[in-house]
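**Student:** Listed below are the residues making up each chain.
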Amino acid sequence: MKSPDIFIVVAAYNEEKRILKAISGLQNFGYRNVIVVNDGSRDRTRELALSSGAVVLSHPVNLGQGAALRTGIHYALKAGADIIVTFDGDGQHQASEISRLVTPIIDRKADAVLGSRFIKKGSAVNIPSSRKFFLKAGVIFTRLVSRIRVTDTHNGFRALSRRAASRIDIKMNDMTHASEILDEIHKKKIKFVEVPVTITYSEESVMKGQKTSNALRIFAKMVNKKIFG
Amino acid sequence: MAALFNIVLVLIGVFVIVFSRLNFSWNKLSKENFLLFSAGGLVMIIIGVFPQLSFAAASVLGIQRGSDFLLYFSVIVLFYLLIRQSVKTEQVESKLSKLVENLAISNPERKKPGKEEKSKSRQKK
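As they're listed, the protein sequences go chains A and B. Numbering follows numbering that gives the first Met the number 0, with no gaps: position 85 of the first sequence is 84. Numbering follows numbering that gives the first Met the number 0, with no gaps: position 73 of the second sequence is 72.
It is worth saying that the hints were derived from the structure and are not from the lab. Since we're looking at a predicted model, the values are computed, not measured. Even for Gly, the Cβ is constructed at its ideal location relative to N, Cα and C. There may be inaccurate statements among the hints.
[Stated by the list, open to error] Facing chain A, a subset of chain B residues (Cβ under 8 angstroms, in silico):
(1) K94
(2) S96
(3) V99
(4) E100
(5) L102
(6) A103
(7) K110
Could you put the whole structure together from the sequences, leaning on the hints where they help?
**Tutor:** Have a look at this one:
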């Protein structure tokens, strides 16, 4: 039986310091189909990603991580991907854990596999306490709004089968897409499982990553989407 | 004092009409918006010249003062314009996202193999 074509989609915005390490990490584990979506970076992210051998799709303007993932997923589907893994370009995710994410899809146990840092065997290294508080609050909020029972709502490390990726419609350009994906999974009854993953926070990733103040904006946007569609 | 307010209202009304007319002729404003802003300017001029009209409108609507009527009316118009603008912005953002996505997908970049890589692949063959 032919092994599935796994495509890794990396959304990157001003990641010149971290992108090479992230791509080489993926390549070291044998992942050849690495798609970097350069989301309007003003630094050398595009050049460095190209030099590492990844396919680079460039947004001429910065739209946000949701838009970058949408572009990457649509490209991967066109290129014939069987499984699409979304992976952060800032070194928070471990390439060694991709096999754990794709296994339930290969075994046909699920169409969406969501990484979780909060379930047993998962971990969040150096997570700031304020971030942890808002992530936990996000879990409760998601259970109320999207009515999906997950332990980690804003984890960008996930794997989607071709079927799931074709059905999930990401409309939100910004970080709200993470909640939107869960909403879509629940609404379209896509079979999902959570698997433990390690998320490593560095000083840079905390500085650059999602601001705690964004939590309220995401909350407002999701409520707005629920009410007005 | 009231007369001064009326003069200011007329001047603002004239300014709105002239400003929107100029922008319309420079193709910076759509015909629809030009008519909308001109109508707003005209209402200002009419109320500035005939302030008793705002008193009449206020008493019909059960509002005590003509100036209060003007204030409420302005807030309602501005709120409507804000909603219209937000919808338009969302539409433009959505179209821009689609355009950017299509542009990115139709121009994938990949490093061209160097001389060494080319010769390696030839040897393999």
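**Student:** Confirm or reject each hint.
**Tutor:** Verification of the hints:
With a least beta-carbon distance of about 12 angstroms to chain A, the hint placing K94/B at the interface is violated under the 8 angstroms criterion. The interface hint given for S96/B holds, since its Cβ lies 5 angstroms from the closest Cβ of chain A, which is under the 8 angstroms cut-off. Against a cut-off of 8 angstroms between C-beta atoms, the interface hint on V99/B holds, since the closest Cβ of chain A lies about 5 angstroms away. Using the Cβ-Cβ criterion of 8 angstroms, the hint placing E100/B at the interface with chain A is satisfied: the shortest such distance is roughly 5 angstroms.
Nearest Cβ of chain A to the Cβ of L102/B: about 7 angstroms, under the 8 angstroms cut. The hint holds. The criterion of a C-beta within 8 angstroms of any C-beta in chain A is met by A103/B, whose closest approach is roughly 4 angstroms, and the hint holds. Here the hint on K110/B is kept, as its CB sits about 5 angstroms from the closest CB of chain A, short of 8 angstroms.
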